[in-house]
Amino acid sequence: MKKILVLSSITSSLVVGGAYKIPEQSLNSMALGAAYIAHTSGGDTAYFNPANMAFMEEKQFLELGVTWAHLPRNKFEGFQAYSATEISFANNHSEVENFQLPFLHYVANSMNNFRWGMSLIVPGGLTKRWNSGHQKVFAEEFTLKTIELNPVLSYKVSNNFAFAGGLRFIYSEGVVNSDGGKIKPIKREMKGKTFEVGYNLAVSYKPTTDINMAVTYRSNIDLEEEGDANLYLFDVGRQYSANVTVPLPATLSFAVSKTWQKKYTFELNYEKTYWSKYDTLMFAYGEPIQPLLVSSFNDPKLKNWKDSDTFRVGVTAKLTPFVTLMAGYSKDESPINRKYLSYELPDSNANIYSLGVRIKANENLSYGVAYLHDKKDAFSLKAGENENGVIGKFSEGGANLLTVGMGYTF
Amino acid sequence: MGSPLLFIACGDSFDEPNNEKVKGGELFVNFPASAIKLELLGKGLIDENRTVYGYKAYKIPYTTTNEEGNEVDVSGLLVLPIGLPSIVNSTLGLSMVSDGHGAIFKNSEAPSVIADETGAPSGSSVLFTSLGGFATLQSDYIGFGDSKNDYHPFLLKKSSADTTIDFIEQVKIFSKENNITLNNQLFLTGYSEGGYTTMATLQKIEEENELFVSMAIPMAGPYALESVVDGVLSQPKLEVPSFIANIGYAYVQSHDQELRLVINEPYASTLPILLNGDINRSEIDSKLTKITTGEKGLFVSKFVNDYFTKDTHWFKNAMRTNSVHAWKANTPIRLLHCKKDEIIPYSISELTEITMNAMGARDVKLISVEETLGMKTEAGHIGCGTLAYSLATTLFATVRKETIGY
Chain G
-8 MKKILVLSSI TSSLVVGGAY KIPEQSLNSM ALGAAYIAHT SGGDTAYFNP ANMAFMEEKQ
52 FLELGVTWAH LPRNKFEGFQ AYSATEISFA NNHSEVENFQ LPFLHYVANS MNNFRWGMSL
112 IVPGGLTKRW NSGHQKVFAE EFTLKTIELN PVLSYKVSNN FAFAGGLRFI YSEGVVNSDG
172 GKIKPIKREM KGKTFEVGYN LAVSYKPTTD INMAVTYRSN IDLEEEGDAN LYLFDVGRQY
232 SANVTVPLPA TLSFAVSKTW QKKYTFELNY EKTYWSKYDT LMFAYGEPIQ PLLVSSFNDP
292 KLKNWKDSDT FRVGVTAKLT PFVTLMAGYS KDESPINRKY LSYELPDSNA NIYSLGVRIK
352 ANENLSYGVA YLHDKKDAFS LKAGENENGV IGKFSEGGAN LLTVGMGYTF
Chain U
42 MGSPLLFIAC GDSFDEPNNE KVKGGELFVN FPASAIKLEL LGKGLIDENR TVYGYKAYKI
102 PYTTTNEEGN EVDVSGLLVL PIGLPSIVNS TLGLSMVSDG HGAIFKNSEA PSVIADETGA
162 PSGSSVLFTS LGGFATLQSD YIGFGDSKND YHPFLLKKSS ADTTIDFIEQ VKIFSKENNI
222 TLNNQLFLTG YSEGGYTTMA TLQKIEEENE LFVSMAIPMA GPYALESVVD GVLSQPKLEV
282 PSFIANIGYA YVQSHDQELR LVINEPYAST LPILLNGDIN RSEIDSKLTK ITTGEKGLFV
342 SKFVNDYFTK DTHWFKNAMR TNSVHAWKAN TPIRLLHCKK DEIIPYSISE LTEITMNAMG
402 ARDVKLISVE ETLGMKTEAG HIGCGTLAYS LATTLFATVR KETIGY
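Just so you know, the protein sequences line up as chains G and U, in that order. Those letters in the first sequence? Residues -8 to 401, by our numbering. Those letters in the second sequence? Residues 42 to 447, by our numbering.
Because the hints were derived from the structure by calculation, they are not lab data. These figures come from a predicted structure and were not determined experimentally. Hints are supplied without guarantee of correctness; some may be wrong.
Said to hold, decoys possible - A few chain G residues facing chain U, derived, Cβ under 10 Å:
no. : residue
1   : Ile78
2   : Ile174
3   : Pro176
4   : Glu215
5   : Gly218
6   : Ala220
7   : Val227
8   : Gly228
9   : Arg229
10  : Val247
11  : Glu278
12  : Ile280
13  : Leu284
14  : Tyr331
A virtual CB, placed ideally from N, CA and C, is assigned to each residue, including glycine.
Chain G extracted, bound-state conformation:
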């Protein structure tokens, strides 16, 4: 069967702006809140701006580490309306989620003006659960796991201009469960997976030795999740093959950085995410599903998401030859159209704060730690404002991420 709305929501949020997006895939990017495109330095350059590989020192770079993600619960205070006359109290909170995100980056030695690198990362991952109440009817569990292998190749045109391209091999798996319990006699259990390919491009230009400019682009990837679904009506389930296609939208980033005294660097990023491609979520089944389940599990769900803007700033300070401090701030716009919002992703605009430190242990080895806090805006939906019958206030949520990582050159 088909993978689900949930899956799509999760994916989206992970990849680009939104409640649980995790663009930060290394120690430096976490410390800088992903304001890390124009001015990159270690092995993670392969992922954040592969064009910059062309300007790196003539040696190999390795960067690895792990991020612990802690997603606080979402709190909801309000009502769930199933129709004009079926309105129930629906105060509730989602479950706290914790998971780990490893990363590995590598940049090889150059060959003439070419240089290759690769990244193995988890660009998104989420488990969101509502274990009770009306929210469980819609979103008992939404889980997404993704792995991306991203080989890249750069070409140095001149000492101040380079470009790069890469392929994105993405494998993802999703789980979507919802349970009407005593509220509605319907339940679903879904599981699916897909392997997709996309691409990324990057251009870097250094007008002066202390200014870097860059543009990066990641292509849209339609995740055609295929798997199975058990759909239940009054506790009697039937299994279907199912699929659903959700977009992993294209992202275009512009970045500029300025360095003073070879010690202090300020970077400004603007990121456009083309979420408007996500206009409808539609599930397809191998055969017609039971008529009484169609409205809940088969009818197309309008999304009408909008393109989102994210602004990021990052500051890097080399305090000593051995200690580098980093800090960042981002203003992250949610792409979700609240008219069609549901409990699986009650996302809102966010302010993201981050900081970190990297210690140089010797000529080859460095290590460090970074922390990021994603603070979501609370928001309310009035009666009649949401097509899914959500009336009330969402608050809390957000994310806390802690990364430890190390870099090695040889």
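Go by the hints and put chain U onto chain G.
Here is chain U on its own, set in the frame of chain G:
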């Protein structure tokens, strides 16, 4: 609590639905009484005070014998009421209604397939089970459900009876294995083809004397096949060509005849495809001619001519052999029929009542559905179905009350 997310792929396996497990069958529908009552109230079919029972439907696979005498794997649907007084389950047991469905062409119209594909109560079993409190038994018949790849022996006496009787026996086994208390009281009914099947089944049961039927209510069935076919083939136009084409096809198959000697081309070539269970009646009708016979007709002229002129013609013999209207029944029989039936004329039931009584049947009565229900208008074949089933439910419930006590 959290879920670790690592470079670990999920397993490929996906569990089957966690449904109630039973021996020898599969649960397809489980609707509580409240949901059914809401639906029936919404349709204005009952009033607020009417007792409604929950509805549990199981598909039960079983084996029967086809017209050629070979074993074939078939399926049926058993529907049980939920919420009856505890004394019914503990002591009295459920009375059974074996309900033969009417003529269908598409596999998705078979009882167990409907239950599987909709997950919801459907058709006459709602009346018998949720309103009447009976265990309802519905065979899919050969050619549908688990035996979709076999041809359907349409209006063939032997396999119609065997398919129904074997299902009744299998339901008894299923009930015993799953602690379902039946009381062995058995009623037979069915509409249209199901009416024919009911009569064929009752005749075989009385011949074999292994089951006891408290009452049979065949409804609007073509019991006197020769009269029915005489009437159809003597008309220049076919009202519903799919029905007579289905008879021709089934009898050719079962009597080892050549289809092209019965059905004209191009219909002889397309009929096996049209009747493969994937196409519904109206679509089949649209692909067949309504001209009965002749060069452009459905039936070969020589075949029709021989049928009417040669008393020993194989098809005429087959019609006689497979008619179920002329025998001496000991079981009380109520023939329900609507007078305005345009597909199976009311006169067929009149002929059946007269013939059976003349042969010494113990208690056979024809009942006009419209007159009994006090209707001011008369109903056709399709419209009569629900009315007839409602009346049959009441008649069976009256007998059960007098004999079993609930």
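Here's how the hints hold up against the structure:
1. Ile78: violated (19 Å)
2. Ile174: violated (13 Å)
3. Pro176: Holds: closest Cβ of chain U sits about 7 Å from G:Pro176, inside 10 Å.
4. Glu215: Nearest chain U Cβ about 17 Å off; hint violated.
5. Gly218: Interface hint status for G:Gly218: holds (7 Å vs cutoff 10 Å).
6. Ala220: Check passed: Cβ of G:Ala220 comes within 9 Å of chain U, closer than 10 Å.
7. Val227: holds (5 Å)
8. Gly228: Nearest chain U Cβ about 3 Å off; hint holds.
9. Arg229: Check passed: Cβ of G:Arg229 comes within 6 Å of chain U, closer than 10 Å.
10. Val247: Cβ of G:Val247 sits 33 Å from chain U, so the hint is violated.
11. Glu278: It holds, given that the least Cβ distance between G:Glu278 and chain U is near 8 Å, below 10 Å.
12. Ile280: Given a least distance of 9 Å, the restraint on G:Ile280 holds.
13. Leu284: Status holds, d = 8 Å.
14. Tyr331: Violated: closest Cβ of chain U sits about 27 Å from G:Tyr331, beyond 10 Å.
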